[in-house]
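Heads up: the protein sequence lines correspond to chains D, W, U, Z, S and B, in order.
Per this note's numbering, residue -17 is the first one in the first sequence, and the count goes up by one each step.
Per this note's numbering, residue -17 is the first one in the second sequence, and the count goes up by one each step.
Per this note's numbering, residue -17 is the first one in the third sequence, and the count goes up by one each step.
Per this note's numbering, residue -17 is the first one in the fourth sequence, and the count goes up by one each step.
Per this note's numbering, residue -17 is the first one in the fifth sequence, and the count goes up by one each step.
Per this note's numbering, residue -17 is the first one in the sixth sequence, and the count goes up by one each step.
Do not rely on the hints blindly, as some may be mistaken.
It does not matter which identical chain is used: a pair holds within one copy or between any two.
[To be verified] List time: in silico DSSO-like cross-link candidates among lysine-lysine, alpha-carbon distance up to 27 Å:
#1 K145 / K128
#2 K189 / K86
#3 K189 / K173
#4 K86 / K148
#5 K86 / K142
#6 K86 / K145
#7 K86 / K178
If you are wondering where the hints come from, they were derived from the structure by calculation, not from laboratory data.
6 protein chains.
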Amino acid sequence: MRLAAPGFGRLGHARQLDLYFGGGEANVAASLANFGVPAEFVTRLPENDLAQACLRELHAYGVATDHVVFGGSRMGIYFTETGAVARPGNVIYDREHSAIAEIKPGMIDWDAVFEGAGWFHWTGITPAISAGAAEVCLEAVRAARKRGLTVSCDLNYRKKLWKYGKPAGAVMPPLVEECDLILGNEEDAEKVFGIKPDAQGYLSVCKQLMARFPRAKKIAITLRGSINANHNTWKGVLYDGNTLYESRQYDITHIVDRIGGGDSFMGGLIYGLLTTPGDCQRAVEFAAAASCLKHTVPGDFNQVSVAEVENLMGGNASGRVNR
Amino acid sequence: MRLAAPGFGRLGHARQLDLYFGGGEANVAASLANFGVPAEFVTRLPENDLAQACLRELHAYGVATDHVVFGGSRMGIYFTETGAVARPGNVIYDREHSAIAEIKPGMIDWDAVFEGAGWFHWTGITPAISAGAAEVCLEAVRAARKRGLTVSCDLNYRKKLWKYGKPAGAVMPPLVEECDLILGNEEDAEKVFGIKPDAQGYLSVCKQLMARFPRAKKIAITLRGSINANHNTWKGVLYDGNTLYESRQYDITHIVDRIGGGDSFMGGLIYGLLTTPGDCQRAVEFAAAASCLKHTVPGDFNQVSVAEVENLMGGNASGRVNR
Amino acid sequence: MRLAAPGFGRLGHARQLDLYFGGGEANVAASLANFGVPAEFVTRLPENDLAQACLRELHAYGVATDHVVFGGSRMGIYFTETGAVARPGNVIYDREHSAIAEIKPGMIDWDAVFEGAGWFHWTGITPAISAGAAEVCLEAVRAARKRGLTVSCDLNYRKKLWKYGKPAGAVMPPLVEECDLILGNEEDAEKVFGIKPDAQGYLSVCKQLMARFPRAKKIAITLRGSINANHNTWKGVLYDGNTLYESRQYDITHIVDRIGGGDSFMGGLIYGLLTTPGDCQRAVEFAAAASCLKHTVPGDFNQVSVAEVENLMGGNASGRVNR
Amino acid sequence: MRLAAPGFGRLGHARQLDLYFGGGEANVAASLANFGVPAEFVTRLPENDLAQACLRELHAYGVATDHVVFGGSRMGIYFTETGAVARPGNVIYDREHSAIAEIKPGMIDWDAVFEGAGWFHWTGITPAISAGAAEVCLEAVRAARKRGLTVSCDLNYRKKLWKYGKPAGAVMPPLVEECDLILGNEEDAEKVFGIKPDAQGYLSVCKQLMARFPRAKKIAITLRGSINANHNTWKGVLYDGNTLYESRQYDITHIVDRIGGGDSFMGGLIYGLLTTPGDCQRAVEFAAAASCLKHTVPGDFNQVSVAEVENLMGGNASGRVNR
Amino acid sequence: MRLAAPGFGRLGHARQLDLYFGGGEANVAASLANFGVPAEFVTRLPENDLAQACLRELHAYGVATDHVVFGGSRMGIYFTETGAVARPGNVIYDREHSAIAEIKPGMIDWDAVFEGAGWFHWTGITPAISAGAAEVCLEAVRAARKRGLTVSCDLNYRKKLWKYGKPAGAVMPPLVEECDLILGNEEDAEKVFGIKPDAQGYLSVCKQLMARFPRAKKIAITLRGSINANHNTWKGVLYDGNTLYESRQYDITHIVDRIGGGDSFMGGLIYGLLTTPGDCQRAVEFAAAASCLKHTVPGDFNQVSVAEVENLMGGNASGRVNR
Amino acid sequence: MRLAAPGFGRLGHARQLDLYFGGGEANVAASLANFGVPAEFVTRLPENDLAQACLRELHAYGVATDHVVFGGSRMGIYFTETGAVARPGNVIYDREHSAIAEIKPGMIDWDAVFEGAGWFHWTGITPAISAGAAEVCLEAVRAARKRGLTVSCDLNYRKKLWKYGKPAGAVMPPLVEECDLILGNEEDAEKVFGIKPDAQGYLSVCKQLMARFPRAKKIAITLRGSINANHNTWKGVLYDGNTLYESRQYDITHIVDRIGGGDSFMGGLIYGLLTTPGDCQRAVEFAAAASCLKHTVPGDFNQVSVAEVENLMGGNASGRVNR
């Protein structure tokens, strides 16, 4: 559950908070379902009206939740405020002791979850929450691998999480090892694995990641240029071991909500790889355009259609009114 | 009636809609009344509280509505969402079967309407709605011409309208033929009349329009550069058959609401032509400044004063607080 | 789509409208899905973002929409304002020419719709909209009957609808004839069928309805006492041909939103009849308690749980905070 | 300008204020214009955007403002909060030094104002503001009398005003002497003129007022029973020197906004006396019903139609939804 | 931190939440500071912007926070929705693992806290949160007693708390034993201590409590009659071992926010006992009137002045507008 | 009290106003208190709920108000609207006859105020309001000087104030003469003292001010480049008689609220000079960074922490989300 200070107001002065639901994996699921790809979100939630509201929102986007398990006493919350100009956005995490943080191996029947599924995606936020969540993530990754699913991850390093005693660098490697597709940004690679770009820039990051995690067939990197809190540049690259496919770069001059930007890239990338499997250039362009558009809508979930993404991919970034 | 998704939210996710009244001709009337020029709006409205609300809003701006006729079962609605960066604004028209769409010749007593009037303005949105609306528009234009009123039009081509079977290119010519002043943009001229700019650019569009509609003594064109949905450039030109008068160009970097922009240009142009009849340069500068300012206020109607327009025409675009 | 003036404001003075989705049959489906009964809503919607928003809302409540067909140019709208004290609530219908109003027989594949279904419910609002909607309703009722579904209806007479030339009294009988369960209120029975209560009061209405429509095995009547726009009394009765089962009467002193009250009664009644088939008393109590609670939440859809309904049925109407 | 704490919030804790325009005489003018009676409001306003907003609102209701004079530096403001249960509503007046408070005799050309007019209404709030406002009020009353207009007043005693040195009891008599119709409540009569009811109750107040102000042909009294801040009873009486006509009493159980209640009674009374001159019973019933309905809408101005008032006068107070 | 669904909306459907700060002891401190009595609130808060917002709100009411200690990772939250008619209000507690729940003895320097203080108040909510909070509460009570402060408590039984393994009946007695003044309601006494009223009603509860906790010189009981969620009756009694002082009973017909009602009674009672020490009747009347008024303002903190309370105590419950 | 049209709406069309408290000196006090420097605000306020709200807000920020005196009948108000692009922001002052405007020498006990104080700050807005306010300001400045406080001022010229008959150029000199630190912008210096920059630019302004007011040991100037109403550049300089210390320049591309910008600079400057007394470069950098951040939060008061200012001073202007 995200509780956001309205407009450009600050959390320390808010009188009302806007309520959204979101989170790394949920955002990717919502993107995919919204694009028409069957998607399911698996988590653990407490039994209360707020958890029901979360399920309702996922259902509204078309995300299935049949294997959500119930228990624990609270849902993870994060409080956000939107940055402006030189004032950074801020996130206060209140995820400790949430139902998902207190999950234990065995609580989820991964065989049932993966029945009929083709792809499993996880993000680095889950193993950052608690040792239990990390163990369950590993359990899931291995079950997915065993059943032959494609496995993808977003490294998603969050400095303010990772408080339960183990560093990201110790927990992440066995999880990432099972992945076919790894998404990160330059900061993630450095903070989690100590991988720094050399003169080749992000190509070198792709190569180093692929060298370290040889099962990965593709590495994707998002590249955000933070001119200020309202104005970013944005592009992505996809490396298949041979070629580095680069999307066009977008100049996002009046950001509405950048939270979920990386997840919408991942949603777009999976959509692209599923719908035109061999076409890496199209996949990375779709991902970049989809996530560029995500920056223009409020909330964590991307709310744009395939047609809207394709219109932008086609080069129409003029923003003229459709009428 | 315009129902707009608040802020940068999307229509498909809105929980509240902002309610405005507007429309091509009404917007011009509101501009003029707001500048102190007596103006009246003529239309057909159903008998219900929403129509009364529309009249109330027009009266608030000082627009007379004495010759509005009542009947039909609904008022035309359009739903809008505001674009951001690379996401275009969107309009969903819900104007079919509105009271004005079901208007028939004879329902309005144009002789009574034009008693004492000096100028009649119509836009291409009216004949786009229905065959009946087009016929009544022609009836009005001819009645106006007969009584010696100045007649102006805004071509205002809207792809999503024009659904009743006749194309714009067939319906518009006899209407435009009666006009003394024609306003359009390059897209309008091409979509309605197949007129494309040659090497002379918009000057050639003016010349071609004037050649085709010889009764027109002046042609005006608005020039919008869509950098993205938040950031446009904006200027206008006015051609009197001899000289092309160009306004300064405005850089509108943080658009608040661009709907009604062209109408506010027309309102400013008529104001300029009425108040300093021979001064085409002043008229086009007033029109461009007035419509630049329209982009900074929410809703269809322009809310700025003559003094504010003149302050901007005078070159003060710094936006410093008046205090 | 319902567009409601916020708070106790009037439609003729509103600057914002609250957006809800609702409608007779949709409200019943939402009630049932919310209580955990699989439910599907079948209609015709245009292809635009507002229709997608409607589907999203239905999915949020768990209502399936797999057999919705798309076409037409607009979604039906109704505008509402909430009454206060001696000022009645008001509804402005803007449903003419909606996608559902322009439906024609054959557009919906009722065999596919009814595959695996056990119950079909319709309301008197659908045949009131247009001749086509009435024909499709008859088509549906007969298909349902043929496949052996239980068929129920809510007479739901709305004076402001029924404008297409045929009176309710002519259109409704063949539709109602196919029903196993008929819900109405005293006004409906009189306005549609000319059935007036005699000295036996609503029992006589039940008996007359059953006499006229012999296939009906149960008649239900809701009884609203309008003390004023904020304060109503509310109860329901269910007659099975032998016994009149009466619910307790609720004193609803501070109504939040009474629209959808009758539909929530029907949703509760179907739930009761499905879950404890032989227990008419429980069914009518469940229906009355569920719809009493509907009056306390905003929007057309009932948002209360089975546990909350049962708590009220059990006699706990004190409204003490649960903490 | 009224600035109101939203909902049941307190002024000392508000973060936003709702903006309305209102005031004793303006409210009566808005009632009359809204009922279709030509009405004009005369006052003095400063030259700024807030005053323009005030004029816009009056025009929206159809009130003419052709003789408003401009000058001074501020518009009078009053801040309000809505009471609840045992907590009274509160008003903070900030009207000192307003443009109207600083008005002087001669600033308004009453001959021009009264050209073609038939009725002049003033309230006790105007002479309470300043000596100048009292003098101008006297100037107006005498000019009206001289031209043969019907003159009415509402005594409207406000303890928190009357701060400029002269008591109401000294200022009001020469003003009231000129009136054909006097409206008050029991408190007004006592606080301004020391008139107390005897055993005959409000009839005796009418008689005493008529004895003291023999030019008055009619006396009206509003009778509010304050059960608590949300729940009042309300009725009115009209005395013509012979008969005391009493309206039915309304039980207003869920007040939305009671400010302007007395003014809406006066508006209804004048409407009644103008439209059915000899029918005092109808006039007082219309006034009572109109002002009962005023309690159900937010803001100072009454927003109900003649048809709605007549529906209530006819005995339909059930508040059933019109649909 | 309280996060409340706006209006009568439900938590499971909210899109925005109103943010208040409150809690048993904080509410009493805010009442006292608001009445002009120096008051300080002692707790443990995390170091983040939300905790700063909490301190800001306390300071706004004049409550000192000099001895608040910082640590832990989260602030306790409770989510609320307002009941209506037969739908009860609801509270979802999310207080586990809050900074105050993880407090340990020794973290607060009670000697420093009590320097110069005369009265210490605690409520049953604190020991309900965690074993640590209960231990610190005992530490505080004993330190206060040792330094000769008057100690009061509000039993405040909350069924949804008390989850850490020890029942209220085991934890509360040693805490309550130290108190000079005990406040409860009939349910509290029964649920915590198994004390049930006999034929003497609440007098017997007072006597039993005093017998069990002989150090207590006064027992107060609040008596809420829940007619429904909007309409309660409310009074309080105070027993000094000899006489039972009863306040008048208030009929709260249109509740705005009842959360904090008991705390505002306690704040009023302490105010009364401090300002007119021997006058139990005045104290209980002040407490009852203050808390009656609390029901008419949103949020946990009472926002009414001593003058407003005294006006109500004086019998003026008419709610007439002050103007 | 500031009443602001929400969003980019205009005052002449607003239906709600956002309520803030602010003013030149109060804003500086709030900045300092927010940074942890003990600060007190001295003024004269009326005795009403709005004045209490003002005190509450100051207390929330930690500003002491122990020497505020009460009297008069109103609090000064200013109405604001936010500019956009080429439309300037606007302020309507309604400060005449406010409690502070009607202050007289002797009303404030400056000896008591300055007991224990080290610094006194005033702005040119106070002597602009009324002759009495100017006299009390002089009284204060001289008392502060006499007790050895550091005295600073912000020239803060406001064309729309200064209406009581004496020009700024006559009133300000004796006040400014007593100051150790003078802040202004180029316009202030010219409008108040006729000081214009020569070829040395703002350095020459500093030198001329220092020559004219020799007691001043430091002159600060803020330099705002108004590209348009949303986009300004911003920097400051500090001159100590020898060296001109220049801050970096900030490019504020998406202004949230620029009102209070200069005051937040002054607050930052005093903070810098107090915490690292000899380091002029740090002080001006802190001031510029603090006030750059002020432009990103709504309301007059700066809401950013020392850590946030130092982060920006350190060169991190990327606005990346902290998570």
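Status of each hint after checking the structure:
1. K145 / K128: neither (30 Å within a copy, 41 Å between copies)
2. K189 / K86: neither (35 Å within a copy, 51 Å between copies)
3. K189 / K173: Result: close within a single copy only, 17 Å intra versus 51 Å inter.
4. K86 / K148: For K86 and K148, both the intra-copy (17 Å) and inter-copy (26 Å) Cα distances are at most 27 Å.
5. K86 / K142: both (22 Å within a copy, 25 Å between copies)
6. K86 / K145: Both: 18 Å inside a chain and 21 Å across chains, each within 27 Å.
7. K86 / K178: neither (34 Å within a copy, 44 Å between copies)
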